[in-house]
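Could you build all of it, start to finish, from the sequences and the hints given here?
Protein chains in written order, with the numbering used here: chain A, 121 to 635; chain B, 5 to 323.
The set of hints was computed from the structure by calculation and includes no laboratory data.
By construction, the Cβ of each residue, glycine as well, lies at the ideal position given by its N, Cα and C atoms.
A couple of the hints might just be wrong.
[Said to hold, decoys possible] Computed footprint of chain B on chain A; a stretch qualifies when at least three of its residues, placed anywhere within it, have a C-beta under 8 Å from a C-beta of chain B: (1) 179 to 186; (2) 232 to 244; (3) 266 to 272; (4) 470 to 476; (5) 479 to 490.
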Amino acid sequence: MNTPSSFTPSDCPVGPDSLTQITRRQTNPTRWHGAGWTDFAGALRAAGVDLLESLAACGAFATDAGGTAYGMPHGMVIAKSAQQISSLLKIAQRFGVPVTVRGGGLTTEGESVAFGGVLLDMTGMSRVQTIDAGALTVRTQTGIFWHSLAEELRREGLDYLSAPLNLTSTVGGSLNVGGIDVNSPRLGCSADQAIALQIVTPTGEIVECSETENAAQFQRAILGYGQFCVITEATLKIRRYTPVRMQYFYYSSLTTAVEDLQRLDRDDASDYSGILTIMDSAVNLLVAFDSDEREAAFNQRWKAQLRGHGELGFALRALPRYLLQPWKWPEALYLLRRKKQLFPEFRRPEYVRDGLMQDRTVVFSRAVWKYWGSRQMVIPDLATSAEKFVAAVTRGNAVCRKYFPHYTLYCVGIKLRDDHKPHYELSCIPPDAEGWAYGCEFEPMMDRVYSRDHLQSFKNEIYDIGLDIGASYYRFGGMMKGYIRRAFGDEMVDRHLAMKQQADPAMILNRNVVF
Amino acid sequence: MFDIFAKATPAPRDYAACSGCSLCLLVCPVWRKTRDLRYTPHGRAKALQHGVAAADLKDSIDSCTLCGACVPACPENIDLVAMTLDLRRQLPPVRPLAIGTRGVKKIADYSRQSVLLAGAALREHDAARRAAMQLLGCAPVLDDGDDIALALEAGAQISAARQEEFLLPLRTAAQLIVADALLAQQLGRWLPQMQISNLGMALSRRADLRRQLRNDDLYVIEPRAYHADYEARVRYYDDLRHATGCAMNLDLQRIAIPATARSLSQRLGLKTPDDAEQTHWLLQGRKIARIVVEDAGDIAAFRQISTLPVVHLAELPND
Chain A
121 MNTPSSFTPS
131 DCPVGPDSLT
141 QITRRQTNPT
151 RWHGAGWTDF
161 AGALRAAGVD
171 LLESLAACGA
181 FATDAGGTAY
191 GMPHGMVIAK
201 SAQQISSLLK
211 IAQRFGVPVT
221 VRGGGLTTEG
231 ESVAFGGVLL
241 DMTGMSRVQT
251 IDAGALTVRT
261 QTGIFWHSLA
271 EELRREGLDY
281 LSAPLNLTST
291 VGGSLNVGGI
301 DVNSPRLGCS
311 ADQAIALQIV
321 TPTGEIVECS
331 ETENAAQFQR
341 AILGYGQFCV
351 ITEATLKIRR
361 YTPVRMQYFY
371 YSSLTTAVED
381 LQRLDRDDAS
391 DYSGILTIMD
401 SAVNLLVAFD
411 SDEREAAFNQ
421 RWKAQLRGHG
431 ELGFALRALP
441 RYLLQPWKWP
451 EALYLLRRKK
461 QLFPEFRRPE
471 YVRDGLMQDR
481 TVVFSRAVWK
491 YWGSRQMVIP
501 DLATSAEKFV
511 AAVTRGNAVC
521 RKYFPHYTLY
531 CVGIKLRDDH
541 KPHYELSCIP
551 PDAEGWAYGC
561 EFEPMMDRVY
571 SRDHLQSFKN
581 EIYDIGLDIG
591 ASYYRFGGMM
601 KGYIRRAFGD
611 EMVDRHLAMK
621 QQADPAMILN
631 RNVVF
Chain B
5 MFDIFAKATP
15 APRDYAACSG
25 CSLCLLVCPV
35 WRKTRDLRYT
45 PHGRAKALQH
55 GVAAADLKDS
65 IDSCTLCGAC
75 VPACPENIDL
85 VAMTLDLRRQ
95 LPPVRPLAIG
105 TRGVKKIADY
115 SRQSVLLAGA
125 ALREHDAARR
135 AAMQLLGCAP
145 VLDDGDDIAL
155 ALEAGAQISA
165 ARQEEFLLPL
175 RTAAQLIVAD
185 ALLAQQLGRW
195 LPQMQISNLG
205 MALSRRADLR
215 RQLRNDDLYV
225 IEPRAYHADY
235 EARVRYYDDL
245 RHATGCAMNL
255 DLQRIAIPAT
265 ARSLSQRLGL
275 KTPDDAEQTH
285 WLLQGRKIAR
295 IVVEDAGDIA
305 AFRQISTLPV
315 VHLAELPND
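Okay, structure coming up:
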């Protein structure tokens, strides 16, 4: 482990008043230079695996959603079956060729970018196999986008339990890293919804696993950041579909909004909850319900106790504040412009009718891609216990204020399951969290061009807060992996590294993502 | 500073703006069939960004159905149909198309009447074509520009003489009702003053036809016209769906699922169409008793895999 040492700005450009005494190095992986590639490619093709080496095939995978890490594979393979992936991994082990697995490519730190070697595109395996409406389970290939799964389930009047609010997240990607929805405060993360998996180990064995069958492999696969296997099929819990009834409350204080969010979660007052902000000036606590009964109970017992306001009430309270502070008028105009852009998007009648939102992921994801997405997306985050969350959010918010004129915070809770603690180790779930973990994403608006150094400094400063207060991160891999040992400690990391070396002797699978 | 009240309508962007979000995959019928990124707008845009030439994307360019579902899905506002058509124009023709003049001796005069440009698919279903003409009060037309529609789709050259021969009589019409969406869009550019309507919209506005739609119908919107004017039509069809109770070929994003997924080679008759998987997907899990189509080209595809009655919108029994 690198011991903390004195830091000089020449090591890496960082903000001048970010935490000192912490060594920080941007950890772009070294490119694998292709030793033995020709022999490997020949062996792969002899085994019947279609390897694509053209620029047209590989170019689409040069970066991820983050758009700051660039690498090119030597070749790519479109996933077709567990047997094909098994052949690929066995031959890759023999030749020492790295294999990078990609689902929707929604990583931001280059975790799904191949810096040489093979890129395995899992979206080739994206078919639903069986839907059991009686048992409320689905068996699916894991390269499927959650949205495509929703399209199939909805025809049967069914829905998945929880999935990221992004149409192009894949099931496999979420099982590997978590997957957070606005119903995660009740249902846990997406990875918690898996009942059984088919995996292919780094040495090419095809294994069926669950809590009761090959349990150790199941534990390592779930939230395993792709280190211990390729997940090829999953059996997931599902539910009957219901549209959701949304309510929005607006705050001018982050702390107050977070406190109210946590109270609602503790009291199980809503089916969905989360915070989405425009800087720290307009803090929106959203709550939603699967049934009229749940909403009526909320209206009766909790609504009056929330300290947020409706849209008009919030505007009336904000108006005098801005009138008395003319230097903040540009901010007020930005809020108005943003409101004009966003609010109609969240109320489009084809998605929201009679107060019911038909599909939350469609509404949120379309808005996110349209009004937050850009060629670069930098979204450092902090994941903490409930007790530390207010501090994490307020300190992270101050960092955002320092680096960017405009940004968004997204906060949500994750209900933890005691029986899933083995899954949570070395993951986004902080070791000290009990009951709920909380995550906050800090997303700058890329309304101008920022240098990579500026963005990296911002990320470092957010992550430094995590080290200081004892947090975890949703995006700790790839370019941010330098924080892993500092966040989790040598003992835990070395134990997992030993497991990785045993499972993946040539260290070929998703190399450089975690270890 | 005060632009907050301005209505922004950003101009369409080109392939260079693709951020690789993959949202186009979710709605692409070719992706559904192949699960291969190379055969998607995302794959083509990214390849172009890496300097790949159109000739190296030949199969991908041919595979595109031009359904346009990717256009409203794209958060970067890239005109992905235009991108594919532009690529087609850069390639040698898949099949040489003879788009010459037809040597029409007498120029038709529509005397301010409505004209239906039915196209090849609707002409094959003559009863539907006649019904549509009667319902919409259209004059008969000798030249409906089906060769021009095909040329537009293939990215082939259309001679100035043929273009003028086609347009000259149309200038005398009061309005054009066009079955083929690509042709309708091009006519909008050629005849900017002309009132041009899409056949599906023109028919579905009629109260007598609306009354015939039932809640156990699957109403199949013609996707090209729908996606070309998505913001207006998504509301229109949503209202129609709620007013009639019928199911529609719309996904959860309210993007139209095409009933067929035909490549250019298949449209030109060089390869056999294989619509079954797409059509099965459209019907999967739906409890319906009848299929009502806007595009006559969908009738055969449904009849191949389903015993349900399939009718063109114009053929719905009248009050």
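Here's how the hints hold up against the structure:
1. Proximity of the stretch 179 to 186 of chain A to chain B, defined as three or more residues with a beta carbon under 8 Å from a beta carbon of that chain, is established by the 5 residues found.
2. Only when three residues or more bring their CB closer than 8 Å to a CB of chain B does the claim for the stretch 232 to 244 of chain A stand; here the count is 3, and the claim holds.
3. Counting residues of the stretch 266 to 272 of chain A whose C-beta lies closer than 8 Å to any C-beta of chain B gives 5; at least three are required, and the coverage claim holds.
4. As drawn, the stretch 470 to 476 of chain A meets chain B at 3 residues by the rule of a beta-carbon pair under 8 Å; at three or more, the given contact holds.
5. Beta-carbon proximity to chain B at under 8 Å applies to 5 residues in the stretch 479 to 490 of chain A; the threshold of 3 is reached and the given coverage holds.
Hint violations for this structure: none, all hints satisfied.
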